[in-house]
Structure formats: C-alpha cells, structure tokens
Amino acid sequence: MLSNNMADPRRQNKILRYKPPSTETNPTLEDPTPDYMNLLGMIFSMCGLMLKLKWCAWIAVYCSFISFANSRSSEDTKQMMSSFMLSISAVVMSYLQNPQPMSPPW
Amino acid sequence: MYGAYSFWVLVLMLNSLLPEGRYNDDFDDGEDLADFDDNDFAEFEDMTDDSAAEAETAPPPRASPSLQPDEDEDEDEATVELEDGQDGFEDPDTQDQDIYSKYDQEEFEGIGDMEKTGQSMKDPLIIHTVPAHLQNSWESYYMEILMVTGLLAYIMNYIIGKNKNSRLAQAWFNSHRELLESNFALVGDDGTSKEAVSTGKLNQENEHIYNLWCSGRVCCEGMLIQLKFLKRQDLLNVLARMMRPACDQVQVKVTLNDEDMDTFVFAVGTKKAMARLQKEMQDLSEFCGDKPKSGAKYGLPESLAILSEMGEVTDGVMDNKMVHYITNHADKIESIHFSDQFSGPKVMQEEGQPLKLPETKKTLLFTFNVPGMGNTSPKDMDALLPLMNMVIYSIDKVKKLRLNREGKQKADKNRARVEENFLKQTHAQRQEAAQTRREEKKRAEKERIMNEEDPERQRRLEEAAQRREQKKIEKKQMKMKQIKVKAM
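Those protein sequences? They're chains R and Z, same order as listed.
Residues 1 to 106, numbered by full-length UniProt numbering, are exactly what the first sequence covers, in order.
Residues 1 to 488, numbered by full-length UniProt numbering, are exactly what the second sequence covers, in order.
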C-alpha cells in the first residue's frame, strides 16, 4: 500500500475553474497609470491643437506611448489607438501651420 | 464618448486650417517699395538694411571705384559711400559720407588703403547671423530630432523590456512545471474555455504581470500564482528604478476549503513587510494586535518577524522543517501569511463603515522576492523552486494542524470579540437602516390601502393596520414599565 507521501495528491474531481478577481472589490490593486496617461495625453494634444504649441503636442505623443506600455492586455485597443492618433495629428497640425523649429525654453 | 471627442477634434482642425498659415513677412516689403519714391534709387533704398551686411563686407574691394558716383555700375549693392546729398536716400553711415566728402577733391591713389584701414578701425564689422528659422538646414530642428530620438529610445526599451519579462516568465514556468503538474490536476486556466483542460501556459495580464491558476488537489481549492515583474517595458519606470531599486516578486495565493484549515491567523516575514501588513490587512490588524515578534526566538534569522494570534499557533506552524526552509531562503521571503479570516486589505469606504463584515476566505499567501534585485537572469528562477516546495509542504501541514481545546476556545472568543466590535461600531448605522426600512414598509402598506378599490376591504385593512399599531404601542409601554421595575 502506498504511503501518504507517495500517493498522487491530484484530484480530478476537485478542479475549480479560474475566476478573474473582480476589480470592484479591490480598486486599490489596480494600477491607474495607463488611465491617467491616456487622459493627460488627450489634454496635451487638445492644448497643442488649440494653442498651437509644439511642445504640448510632443508631450502628448510621449503620454500616449507611456499609456500603451503600461496598459493591461484586457483593455480596449481602440482607446489606445485613438489617443495615439490624436497626439500624432496634434504634432502634424502644429508643424503644418508653423514649420519653424521648436525653440528650447532656455 | 471618445467618438464624440474625435468628431469635435476634426471640426476644430478644419476650422484651424481655414485661416492662412503665417509666413515670414520679412522679405515681402521689397515689393511695395518701388511705389514709395520716384527716385532712381528707390529700388535699392530698403535693401540697405538687408544687404548692409553684404555691403559692409564688400567695401574694401569696391572702395576705389565707388568714389565716383556711379549708380548704374553698382546696382546690386546699396553703396552707402557713393551718394552725397542725394534726396530720399537713407544713409545710416553719415560718417562715411563725411570722410568721402573730405577726399573728394584730393588725389585718389593710395586713398583706398587708407580708407580700408580707417574703415576697419572705425566701423567694426557686424556680421549678423541669419536667424534660425530662415536657415534651411536640418541643424535648426535639433529639438525635434531630440524628441524623435527619445521616442525611438522608448520604443527600443519597450521591446527589450517586454522580451526580458517574457523570457523570465517562461524560465520560471519551465523550472516549476514538473512540480506543479505532479501536484495539481489543472495547471493553467484562463477561465474562458468550456472544458477544464490545462492550458499549460501562463496568462499574460500585462507586459509585466503573468498569472497561473492551478487546481485539483487534496487539501486546497486552488492556487493562483502571480509573477509580478518590474515594469521593464516602461522607460520612465526603468529610470525611476535607478533611484529606488526594487525586485521582481512572485506571489502565491492558495485558497482552502472550510475543512482544510483550522481557525488561526499567522504571518511571518521581513520586519518592514510585517509592519506594513499589520497596518494594511484587515485580519492581521484585528487578530494580531501585538507588535511583531522577532523571529530569533523560534530559530529564524533576526531579519524576520512573526505576527501571530496566539503562541500555540506559532509553535504549531514553526516546526523544524518549516524553520529549515525559511532559514535557508530568508533572503527570498518577503512575507508568509496564513489566515482563516482573510479578506484582503482594509477597504476605505466613503460613507463610513460598511454595514456587513467583509467576506472571508481561508487563505495562505506567500510573497517571494526574486534574487537579483532587478538584474535577474532566467537562471535565477531556479532558485525559487525550493520555495514552491515549501508552499506545497505548507498546504499539507495546515490541513493537519489542529489547535487543542484551549486554543480553539481562545480563537472562538477572538472571533466573537471582533464581530461584536464591528456590530457596535455600525450600530448607529444599522439602526438608521432599520428605521428607513420600517418606514418604507409602512408607506407601502398605506399605499396598498389607498389603492384598494373595494371600500369594504379598504375599511377592513385600515382597521387591521390600526390594531397592529395599537398593539405595538402597548408592547412598548410594557417594556418601559418592566425596565423601570428592574431599575428599582
């Protein structure tokens, strides 16, 4: 007779399916970075478009990249893509209207 | 919502395209100047400013022939030195005029040299640099080039970081696969497939977080392993980590059935982790009120501390094998938390206390640090294998660990105490909630009576309600009387 530590501990009948932990119960565990960066990116790209500030548009591009890098795989890619496109369009519009190079703030 | 955003953006972009772009107006003045003056030199008048630079660098070779006023020859340059007393001629260099008026009547040979030296001494040559936006060179766009380089660096780092994390995860899984497959019937599940079949793969939640769900074993419901790597794919995070080093973590959460564990709360880990957990975790703060004890008393290294509900629990958990495991791998252990009242970290609610006790689950939580402090290589993952052995051993051990009668009584008392405290704290709120519910019921009752069509039934229901009210009032009065009697 096999002793206990030689016995197979696996039990096919005790299998439980994986349930992804719901984020409503633990809002603190979620990383808010991608959402903040997304919002920031949109704000900066709107600023860049409206006020025709080149550096705003560039920062918006960076924000959307950072948001993409930190995003969860379950997140909607459409949102990522739309913020990315918005920031690229902000950069392009700023340069079409004013082809001068950006001057450093110092 | 974002559809509306993009629509407005398009509208605004079209609006901003309509007005003309601003161009440099610097050179446009030349067109209109011909109208200003009928003078012969009208065309050349304003060119004095722009080509003053050219004119001033060129005077030495032209000094001698220019003495004779000869407008036809020198059409290209607004020769300041030529005209003397011409109308409408803007002459910024009146000095030059004086010099030449002096030399007009004199000999001309050899004067060129004198003029040359005189000029170089009296008029320092101001060579204006062409403003940056008028240059057509790539160098003036250096800020843009810098930005694009930064973006490329970010993308490169993203690719490299993602690959490194993926390799580390795979290395971990490869070294642990055998152990897990021999212990669990289901290794790897993402919850989406119809049948409970092992996927044999990690779930990728993020570029830096990987999950693995194992289930189908005696003594436990299931085990969730989370590989929480550093955010190597985010350049900002990489730079922040240069200031503040951190390490990859492996978190193992074993959920147990009710019969698999007796009632106790216990934790062991680094001093810092214990202090933090005692503040953050709901169950540790309620059941383990004392400060963390040093692990040295039980044969553990000094760096580790113990939080326990009662001494008997610590003695039960810290048997020789466990002490052996922990001592050998103390550098990799961040925290080990066994609890039958586990409900996660304390939840901060805005409306004061929650009305119900949070749901608890019997859980074993292990947090391990991957050696290497950020600079891990796939080989380091093998070092975590003994820790997984410890996890399996703990599962079996906890199943066998039973408190004696005294311990059980203490544990039950503790739990009753915690529940009572909670009820007391929320008493006021629960009363309010009960009051509102009673009022709701009354209102519903009244509405029902009102809506009743048959007047006969209406009357009867009203009478019934009145009788009930009367009874309640009488009961209350009786109670008050009883209390008064008792007080006396």
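By construction, these hints were calculated from the structure, which means they are not laboratory data.
Incorrect hints may appear among the rest.
As the list claims (entries may be wrong) - Sample of chain R residues facing chain Z (criterion: CB under 7 Å; computed from the structure):
| no. | residue |
| --- | --- |
| 1 | Phe65 |
| 2 | Arg72 |
| 3 | Met102 |
| 4 | Pro104 |
| 5 | Pro105 |
| 6 | Trp106 |
Claimed, not checked - To be clear about the criterion: a stretch of chain Z counts as covered by chain R if any three or more of its residues have a C-beta under 8 Å from a C-beta of chain R, and this derived list gives those stretches:
| no. | region |
| --- | --- |
| 7 | 176 to 190 |
| 8 | 412 to 418 |
| 9 | 441 to 454 |
Stated by the list, open to error - Computed cross-link-like contacts, SDA-like style, restricted to lysine to any residue with a CA-CA straight-line distance of at most 25 Å:
| no. | chain 1 | residue 1 | chain 2 | residue 2 |
| --- | --- | --- | --- | --- |
| 10 | Z | Lys201 | R | Met102 |
| 11 | Z | Lys472 | Z | Val485 |
| 12 | Z | Lys332 | Z | Met242 |
| 13 | R | Lys78 | Z | Glu280 |
A virtual CB, placed ideally from N, CA and C, is assigned to each residue, including glycine.
Tested hints:
1. Annotation: interface hint on Phe65/R holds; nearest CB of chain Z at approximately 6 Å, less than 7 Å.
2. Because the closest C-beta pair between Arg72/R and chain Z is about 5 Å apart, less than 7 Å, the hint holds.
3. Taking 7 Å as the C-beta contact cut-off toward chain Z, the hint placing Met102/R at the interface holds, the least distance being around 4 Å.
4. Because the closest C-beta pair between Pro104/R and chain Z is about 6 Å apart, less than 7 Å, the hint holds.
5. The interface hint given for Pro105/R is broken, as the beta carbon of that residue sits about 10 Å from the closest beta carbon of chain Z, more than 7 Å.
6. Here the hint on Trp106/R is broken, as its CB sits about 11 Å from the closest CB of chain Z, past 7 Å.
7. Figure legend: the region 176 to 190 of chain Z, annotated as covered by chain R; annotation consistent (7 residues with Cβ-Cβ distances under 8 Å, at least 3 required).
8. Counting residues of the region 412 to 418 of chain Z whose C-beta lies closer than 8 Å to any C-beta of chain R gives 0; at least three are required, and the coverage claim is violated.
9. Under the rule that three or more residues need a Cβ within less than 8 Å of chain R, the assignment of the region 441 to 454 of chain Z is violated, with 0 such residues.
10. Only pairs whose Cα atoms come within 25 Å are accepted, and Lys201/Z paired with Met102/R is rejected, the gap being roughly 49 Å.
11. With a C-alpha separation of about 20 Å, the suggested pair Lys472/Z and Val485/Z falls inside the 25 Å cut-off, and the hint holds.
12. About 21 Å separates the Cα atoms of Lys332/Z and Met242/Z, which keeps this hinted pair within 25 Å; it holds.
13. A C-alpha spacing of about 37 Å is found between Lys78/R and Glu280/Z, which places the hinted pair above 25 Å, so the restraint is violated.
In this structure, the earlier hints numbered 5, 6, 8, 9, 10, 13 are contradicted, and the remaining ones agree with it.
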